[in-house]
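With the hints as your guide, set chain B onto chain A.
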Amino acid sequence: MRPFAYHRPETVAAAVAQAGGADVMYLAGGTNLVDLMRLGVLTPATLVDVTRVTSATIEQTPGGGLLVGAGVRNSDLTAHPLVRSRYPLLAEALLAGASGQLRNMATVGGNLLQRTRCSYFQDVTKPCNKRDPGSGCPARTGDHRNLAIIEHSEHCVATHPSDMAVALVALGALVHVEGAAGARQVPMPGLHRLPGDDPSRDTVLVPGELITAVELPALPLAARSLYRKARDRASFSFAAVSVAAALQVEQGVVRDCRIALGSVAHVPWRAGRAEDALRGAPATEQEFARAADIELEQARPLPLNGYKVPLARNLIVRALADLAAVR
Amino acid sequence: MTAPVTAGRRYAGAALDRVEGLDKVTGRAAYAADHRPADLVHAVAVPATIARGEVVQVDVDAMLKRPGVVAAIWHGNAPRLATSDEELAVLQSRRVAYRGQYVAVVVAETPEDAREAARTLRIEYVAEEHDVILRADHPRAYRPENVNAGHPSDTGQGDPDAALAAAPVVVDEEYGTPAEHNNPMEPHATIADWHGDGLIVHEPSQNVSGLRATLASLFGMPPGHVHVVSPHVGGGFGSKAKTLPHTILAALTAKQVGRPVKLALTRRQLFVATGYRTPTVQRVRLGAEPDGRLIAITHDAVMQSSTLSEFTEQTAVPSRVMYAAPHRRTTHRVVRLDVPTPSWMRAPGECPGMFALESAMDELAIACGVDPVELRVRNEPAAGPESGLPFSSRNLVACLREGARRFGWAGRDPRPGVRRRGRTLIGTGVAASTFPALRAPSSATVRAEPGGRYTVRIAAADIGTGARTVLTQIAADALGTAPAAVTVELGDSALPPAPVAGGSMGTASWGTAVVRACEELAARLEAAGGTVPDGGLEVTADTGREVRAQERYSRHAFGAQFAEVGVDADTGETRVLRLLGVFAAGRVLNPKTARSQFIGGMTMGLSMALLEESIMDGRFGDFLNCDLAQYHIAAHADVRDVQAYWLEEEDPHLNPMGSKGIGEIGIVGTAAAIANAVHHATGVRIRELPIRLDKLVR
Chain A
1 MRPFAYHRPE TVAAAVAQAG GADVMYLAGG TNLVDLMRLG VLTPATLVDV
51 TRVTSATIEQ TPGGGLLVGA GVRNSDLTAH PLVRSRYPLL AEALLAGASG
101 QLRNMATVGG NLLQRTRCSY FQDVTKPCNK RDPGSGCPAR TGDHRNLAII
151 EHSEHCVATH PSDMAVALVA LGALVHVEGA AGARQVPMPG LHRLPGDDPS
201 RDTVLVPGEL ITAVELPALP LAARSLYRKA RDRASFSFAA VSVAAALQVE
251 QGVVRDCRIA LGSVAHVPWR AGRAEDALRG APATEQEFAR AADIELEQAR
301 PLPLNGYKVP LARNLIVRAL ADLAAVR
Chain B
1001 MTAPVTAGRR YAGAALDRVE GLDKVTGRAA YAADHRPADL VHAVAVPATI
1051 ARGEVVQVDV DAMLKRPGVV AAIWHGNAPR LATSDEELAV LQSRRVAYRG
1101 QYVAVVVAET PEDAREAART LRIEYVAEEH DVILRADHPR AYRPENVNAG
1151 HPSDTGQGDP DAALAAAPVV VDEEYGTPAE HNNPMEPHAT IADWHGDGLI
1201 VHEPSQNVSG LRATLASLFG MPPGHVHVVS PHVGGGFGSK AKTLPHTILA
1251 ALTAKQVGRP VKLALTRRQL FVATGYRTPT VQRVRLGAEP DGRLIAITHD
1301 AVMQSSTLSE FTEQTAVPSR VMYAAPHRRT THRVVRLDVP TPSWMRAPGE
1351 CPGMFALESA MDELAIACGV DPVELRVRNE PAAGPESGLP FSSRNLVACL
1401 REGARRFGWA GRDPRPGVRR RGRTLIGTGV AASTFPALRA PSSATVRAEP
1451 GGRYTVRIAA ADIGTGARTV LTQIAADALG TAPAAVTVEL GDSALPPAPV
1501 AGGSMGTASW GTAVVRACEE LAARLEAAGG TVPDGGLEVT ADTGREVRAQ
1551 ERYSRHAFGA QFAEVGVDAD TGETRVLRLL GVFAAGRVLN PKTARSQFIG
1601 GMTMGLSMAL LEESIMDGRF GDFLNCDLAQ YHIAAHADVR DVQAYWLEEE
1651 DPHLNPMGSK GIGEIGIVGT AAAIANAVHH ATGVRIRELP IRLDKLVR
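If you read the protein sequences in the order shown, they are chains A and B. Reminder that position 318 of the first sequence reads as 318 in the numbering used here, one-by-one numbering, no gaps. Basically the numbering used here = 1-based index in the second sequence + 1000.
For reference, chain A alone in the conformation it holds in the complex (with noise of 0.2 Å):
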């Protein structure tokens, strides 16, 4: 890999004055951004290793919600008995990522910004508008089939990788953030961006913006949550798609209800057009068939992902039936 400078400041502000110059890029775990530079695809030319300046705690936050540090470990936060009781989908999306290495390694910070696994995106022999802007899109009209079918864009069809974002997505996170111009708090979905014409801007996020924390509301809807995963190898597999649900019934009737998707899109999916039409709606299999089926309406997949609209369509009806408990 190219040869990098390396910091290790002991303060959020100093993290974030050593990140102002060009080339720069903050290191937590590690699990992704190593391994890209080993493949050539990140050449930073400074490293910020954030290690030290983000907290590595959970706290209970006075609204009932919960303040993760971003420096949190993803084994840390799956195992935190809060997050277990009052988010299980969070609980089990972190589950079902990567490996236990890799969970015992990666932070909230680092699995929100880790990037696309489309092939052409890790391949420096080959174009990709997300790591060269410009250079062109080959995965569009060759191998896709393990990406976008949902708003992606003639430039990009990457998908966000993460389970956990998508979980965090459907909780209606807040990220925290730390940058030269100040802090501020930017809502989920909302962190991550579609790939539109510059897909090389996978968040919203400045340069030299650190993520802090990631405030979990409180949303006692959330207990009743899951997270289902489907992929081809039983572990260590990244989503074919995932959905993440929370869903509170009364006397037959949805009253509330969340649903995101995962590795439909350039960003964790909230199914927005889905919940709209359940809230109010009798809580049967035909309702949420429904819902699914007006949430993937806007589903565009290209010729070998087709497979995901289904399996989309299935995983709802089926995360909101077993939460139901109607099938």
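Bear in mind the hints are in silico, worked out from the structure with no lab data behind them. Honestly, I wouldn't trust all of these hints.
As the list claims (entries may be wrong) - Short, incomplete list of chain B residues facing chain A, as computed with Cβ under 7 Å: (1) 1049; (2) 1397; (3) 1571; (4) 1611; (5) 1625; (6) 1635; (7) 1637; (8) 1638; (9) 1688; (10) 1692; (11) 1698.
To be verified - Just a sample of chain B residues kept apart from chain A, beta carbon distances all over 12 Å, derived: (12) 1118; (13) 1152; (14) 1540; (15) 1550; (16) 1690.
Positions of the beta carbon are idealized from the N, C-alpha and C atoms, including for glycine.
Just chain B, lined up with the frame of chain A:
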């Protein structure tokens, strides 16, 4: 040759622990890349980024200005090699025959510097149109003279076309298997070290004698000047059996820079130039009576090879052995494409070929309304169906019966798609396994010391199979001593020449030589009054004459595999709930290592059935999924309940141990058993591997 094979056995058949097991699990066992001679430099091979064309220029000068860089070598400044083998003629031509072919090598003081130099090396190409996609109707498909292992391309008997036209029941289907890559735990690595006009090579090798001969010929020196050292091999599966371009590159580079060179391939590079299983397109036609008795079998297979050399997998060859039928034909066609040369991957030929044949047999069972176990029993041949030779032993039927009993096959409802556990569709399937029992000439030396210790010396290879342990047991029996008194030295080309660890023939070939050497030693010791002279006593045996003179028999191991699968009705995810194999493979010499071989093969077959596929991009001309995150190999969670059993088989026509090879048969038939179970579960017939969820979700 017809002496009882059980006489005087004490240790063959015993579940000995691996003699080097403790060294391996404690990290004491040194693998090739662990070796660090003084003054070592690091080389990184630079792959072509075009699939066909020419290298015009390599910017060597810019590279040499970089810190730590020692040399940059390409065709323009490489030493010349004495070879007509285009595969191994590295840096000998401007031509690029496939994307990823090594077109340069960069040498630096550290691996980091070498990698970075390789990454940034500027190479100018003239690219030409390439052709990398195999099709059954490819206009350049041709009939090769022979296929792998020396089999004839085409065979036939009777009039299969007419017989098929008249047959009451016909199955006529096309089956496909994708390109697949070997991924041993230990990636390939070479350390090449010249001493004057002699070359020492440390590398994991399944064939140190063969590698020595090839290196000597390429560099124009006597074989005795080449020393290949390979005490431990971290898996091979065929990928470390042939001499590969990176080895030549390392030796050539070390010669050029005058220092020892380490060239360790990355995992991604394993997907380019260490061989792979060719994709296959196969058409199988079965004509049968209504009761399932076969009238005709045809099996036509199309494979690919590179423009550099012809390697044609013997895909249809198992159909020459499996079932009786008066009318039959097998054909092989190969297309030379702008791709890397395919090579051996565990059970080349038998493995993909039996996926097709055994899937077709399942389809025939359904068409005839005959139980798939019974169908196979009905078509059991009395002698080799094509060769007419008697089988030295053949216990396929016994394996099917024993497997059915253990698996609980009796009373199976043949209807597809009717069993559910919750949202999971359940199905069961069966397929047969076969692999030839081969033997090649070998030599071996055994030496007795006055203190009662023995040393066996043989240029065999233990690629994780347990060969060192089994040869120890064989020698102990032949010498009438305990295994602890025997040391087996192998994995070194300075030892008596021995054949490749391949074709499941290692133990049969090496073991014969070890037994003969030990027998001769014991006879001489007896003649000398039972006392070992002060200087020790040494005997070398060569089995060339014995092996060439062996009687003509059809020698094969057989087996039956049973699978139970669960297919998620919502997602199409297939999980193998149970896999059970019963094998008849002569005498099992070490139940512990044998069981690992069987369940290892079955696990690899499961992986092939559900996951493995190297995806070729026709525009770029290379495989896309070149890492273990994208090329899926079964993980622990995929492998739930795999059981292997074997039948005691007495076969006096094999070798002094009475053994058949067991390294490959475990992977043969597994994919068909699983595909047949998936059909039983869902009613969907998957004829193109792998069986991934996108083919089943609806």
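Outcome of the hint check:
At its closest, the beta carbon of residue 1049 of chain B sits 5 Å from a beta carbon of chain A; the interface hint therefore holds under the 7 Å criterion. Taken as an interface hint, residue 1397 of chain B does not check out: its beta carbon lies about 34 Å from the nearest beta carbon of chain A, beyond 7 Å. Taking 7 Å as the C-beta cut-off, the interface hint given for residue 1571 of chain B holds, the closest approach to chain A being about 4 Å. For residue 1611 of chain B, the suggested interface contact is upheld, since its CB lies about 6 Å from the closest CB of chain A, less than 7 Å.
At about 6 Å, the closest approach between the beta carbon of residue 1625 of chain B and any beta carbon in chain A falls short of 7 Å, and the interface hint on this residue holds. Taking 7 Å as the C-beta contact cut-off toward chain A, the hint placing residue 1635 of chain B at the interface holds, the least distance being around 5 Å. Hint on residue 1637 of chain B holds. Least Cβ distance to chain A is approximately 4 Å, under the 7 Å limit. The beta carbon of residue 1638 of chain B comes within 5 Å of a beta carbon in chain A, closer than 7 Å, and the hint placing it at the interface holds.
The criterion of a C-beta within 7 Å of any C-beta in chain A is not met by residue 1688 of chain B, whose closest approach is roughly 14 Å, and the hint is violated. Interface restraint check: residue 1692 of chain B against chain A, minimum CB-CB distance 5 Å, threshold 7 Å, status holds. The beta carbon of residue 1698 of chain B comes within 6 Å of a beta carbon in chain A, closer than 7 Å, and the hint placing it at the interface holds. Distance check for residue 1118 of chain B against chain A: the nearest CB is about 10 Å away, which does not clear 12 Å, and the non-interface claim fails.
Residue-level check passed: residue 1152 of chain B sits 37 Å from the nearest beta carbon of chain A, beyond 12 Å. Look at residue 1540 of chain B: its CB is around 49 Å from the nearest CB on chain A, clear of 12 Å, so calling it non-interface holds up. Distance to chain A confirms residue 1550 of chain B as a non-interface residue, since its nearest Cβ pair spans about 45 Å, more than 12 Å. Annotated as non-interface, residue 1690 of chain B brings its C-beta within 12 Å of a C-beta of chain A; the closest such distance is 8 Å.
The structure fails to meet hints 2, 9, 12 and 16 from the earlier list, while all remaining hints are met.
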